[in-house]
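Asks: Dock chain S against chain B, hints included.
Chains as they are written, first to last, in full-length UniProt numbering: chain B, 1 to 546; chain S, 1 to 546.
This list has only true hints and no planted wrong ones.
Copies of the same chain look alike in the list, so a pair counts if it works inside one copy or between any two.
Mimicking DMTMM-like on lysine to aspartate or glutamate, the simulated pairs with C-alpha atoms at most 25 Å apart in a straight line are:
1) 519 / 496
2) 519 / 361
3) 519 / 412
4) 519 / 374
5) 519 / 457
6) 519 / 431
To be clear, the hints were calculated from the coordinates, so they are not data collected in a lab.
Number of protein chains: 2
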Amino acid sequence: MPAPQALPPSWRDDAVAAGIITLLLIPQSLAYALLAGLPAELGLAASIVPALAYAAVGTSPVSVMGPGAVLSLMTAQALQHALAVAPEGTSAAALAGVLALETGAVLLLGAALRFDALVALLSVPVLHGFMTGAALTIVITQLPVLAGSSSGGTRLVDVAAGWLGAARPGHLLTLGITVAAITLLWLGRRAGGQAGRAAPLAVMALAIAGAALADASGHGVAVVGALPALAIRPTWPALDPALWRLMLPSAALLALLVSVEHLAVAGSLAARRRQHLVPRRELCGLGGANLLAALSGGMPVGGGLSRSAVAFEANARSLRVGVIVAGLMALSALLLAAPLALLPRAVLAATIVLAASSMLDLQPFRLAWRYAREEFWVMLGVAALTVLASMEVALSVGVALSAALLLQRTADPHVARIGRVPGTEHYRNIERHATEEQPGVVALRIDESLLFTNARDLGSLVQDQLDEDTRRVVLQMSPVNAIDFSGLTALLALDEALHARGVRLDLAEVKGPLMDRLKTADWAARAHGRVFLSMHQALQPDADPR
Amino acid sequence: MPAPQALPPSWRDDAVAAGIITLLLIPQSLAYALLAGLPAELGLAASIVPALAYAAVGTSPVSVMGPGAVLSLMTAQALQHALAVAPEGTSAAALAGVLALETGAVLLLGAALRFDALVALLSVPVLHGFMTGAALTIVITQLPVLAGSSSGGTRLVDVAAGWLGAARPGHLLTLGITVAAITLLWLGRRAGGQAGRAAPLAVMALAIAGAALADASGHGVAVVGALPALAIRPTWPALDPALWRLMLPSAALLALLVSVEHLAVAGSLAARRRQHLVPRRELCGLGGANLLAALSGGMPVGGGLSRSAVAFEANARSLRVGVIVAGLMALSALLLAAPLALLPRAVLAATIVLAASSMLDLQPFRLAWRYAREEFWVMLGVAALTVLASMEVALSVGVALSAALLLQRTADPHVARIGRVPGTEHYRNIERHATEEQPGVVALRIDESLLFTNARDLGSLVQDQLDEDTRRVVLQMSPVNAIDFSGLTALLALDEALHARGVRLDLAEVKGPLMDRLKTADWAARAHGRVFLSMHQALQPDADPR
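Chain B extracted, bound-state conformation (with noise of 0.2 Å):
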């Protein structure tokens, strides 16, 4: 065992990385609480306990749990919603203590009962939308911070009444500010590196110190104000089983996000180390961290986009980040309490719109909108549903008409008839290239399985290739790659139907798995044509006994 020098190598990795988030997490803490209606100490003490929590059971080193800016803005939606039909005197973070521990429970369930499966539910299309949509409601909810106004909301219309109808619609110094702190953040964004990390603490600092020296709060802007002293304790939510019910949607739904945000930005960061997640234990490192945030008075939280790719790029090797990270904020939530009550909620929100303004791309949309054109519907749709409608309703119709599209492209096949590509084994769409063919046969590949969408029109699809003269039927099964209940029935009753008509029906090329299947439904003893290796073997001349 080699003597205890200075620290090794990982460790010193380890904290440096360790450091650079705590800068990002001081003012992501605050801001996200606050979006998220709720008082920005939440925010602190969120980034402390759950960090832990993940540490224990995780296995990503570059994710480090705290408040999240789409997570907050689902929490807020969801607590704006319940505030509305709970009993007086509830309180927004007693409902995001509930919120936190059902979105635990859910987890854990989820990893329990293998429910990971459901995040493949959300494509591209949906999420992208979904995202984009978030960003834009996230910018639009800040605008009035940003202007000074005493109006808040938490949706388009919400925020656009609110404002309307808003005793102070806007504030000029406060203006001043914002345009100062926009333009300081987003000079440091074009700067990147370290300069850029520690932009949004270091406009903090300068607003904090700005504000006292020239006395803002007593002009009129907006601060964050006294934040109690950090007193990280034992915390049950309330135990009212109708709220427990009315929460349990959100819930559901910020699980489902969370996971689904948490596998794609950790699964992908750690496929570049060539490293693997393991799905549950991620779920479970989530739900123990939502747990913990009810347990010890915080609001729901997540592995975070821009956390995630920061620890990455700073070289974040175990677990142990979180760990540091966790004690560095439990230190500033001390150190920093009475500065940061100077600091105008206006900064914060300039931090929120240039962080959401990051999650805006258009690319996946103009490519969609080449590539796939119902697809860049969808994720219109859902993007345009999520700003005018609500989160809940955009996901669920983005799911639908994601399997809608999926079940339909099943619905249609292409059908092509194949014949030889001269000199090779290769058989190829007669129309699309030069290829021989042997009179009497009709080779067809139907590019799709045989699945209930399409079973129904097998037999008239090819019974439409064949003419008067031909005698064999020969299917290309190398598209098919599963037949199912309806496909093997309908299957069955075109071998029927061919063989009155006096012609056989062979297959070619089925594959192993598939092949294991038709056995277990006796296909030779049923069906009256030949299997065959390759489609070049179907097509010998001896191939056909008659």
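Replies: The following block gives chain S in isolation, referenced to the frame of chain B:
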């Protein structure tokens, strides 16, 4: 123009077919009206004008509109539900009119909006499970009638409760008539042919004669009772918007079932004559028939499974058949009203039970058990839900499960590493066949389209197959029938990830339509590898320029 001689042969064929169908339709029309909980004369009315409407619009000579077993059960359940909440004094006949009118309207709307594609949603397991459950339910509803009980009900639970609490749980003379009728019907069916088809009407004639001689009604046997004089006159269904809203879901379900059954039965019979149905015209024909059923005082109608089979065997050749049947049915209704009044209801119940029991077929259950265990459970589940819950629940659950199974099937594709079958240009799974591989090249076949359900796993699926020496990956694209936007994104990311590892990703055997799509996404410019016509060309020594 030839001199008019006797009837031309096809006229004679059609007249004979019409006669046979009428023999079948007289007992059916009465029995199914009673099964639906409606006065018997509604069944007669529904067998006259609707047949004319279909003959004017439809295309299938073997389809003669009239009441059907499953339709009548659905009507019974819809009416029972509606009668419980309709304003007092609303008659079942008025509700049946509303139901038929709405069913017709939904069918016409479906034809206009091309909803016939929705029919594909009913997979074989769902449809067979549903038909099995419906047949069992029909048998169950007739049991009290067969036993001579005074109780009723349209679902297992109502029938059981009604029978247990019935004032008259059974009646010996009725039971005797039941046993005699079932025996004769069963012998007739075993005999088959002409005797079999005439059996129901012969049994009815016998039963009427016996009932008249022995004064069955006076001894407590339930009989059909006096039929009002047949008067086909315009009837306008009740104009109550609340009733219309109430019946709409049932009407939509009826429309779906009527179209599925009709397109399946008439479609497969047309195919046997190498003819095609035009689905939209058929929906129009069915819609018109139901509209006119409503306006002439009838009940919902459909093509009828047993009638179509009989008409096909009897060589029905033109739509005249329906017109002749309508005439014969009108004549029968005028002439036979008096004797039909004496017919014991148990005899009609016996014809229903025999017809329903012929719908029971265990063969698909056995095949599904061996071939596709999950689909067996769907079939059984839908059958059980049809009996125990309701038809709506059973079909909704069945369709959702079918779609979920399809999505799940695409989510977890089979991946095969492939090599050359020696002496051929054919490439197969190296674990199933004796094959040759090229050093440094991994040839893979992913047996599924690249879709959002599996896109997230594509990267790790492929990268798991690589080792340190790999410098090329060749994907055989013949099983890939589609690449949706999520799949494209994943494939581009895979290309990028492999490129970063110094590995080139090539594609082979990309199908024509798919290559066209990839070109819209600038595949050649974005990706680092090449596209080959065939696997064999991709694996030639000169295919790798490095």
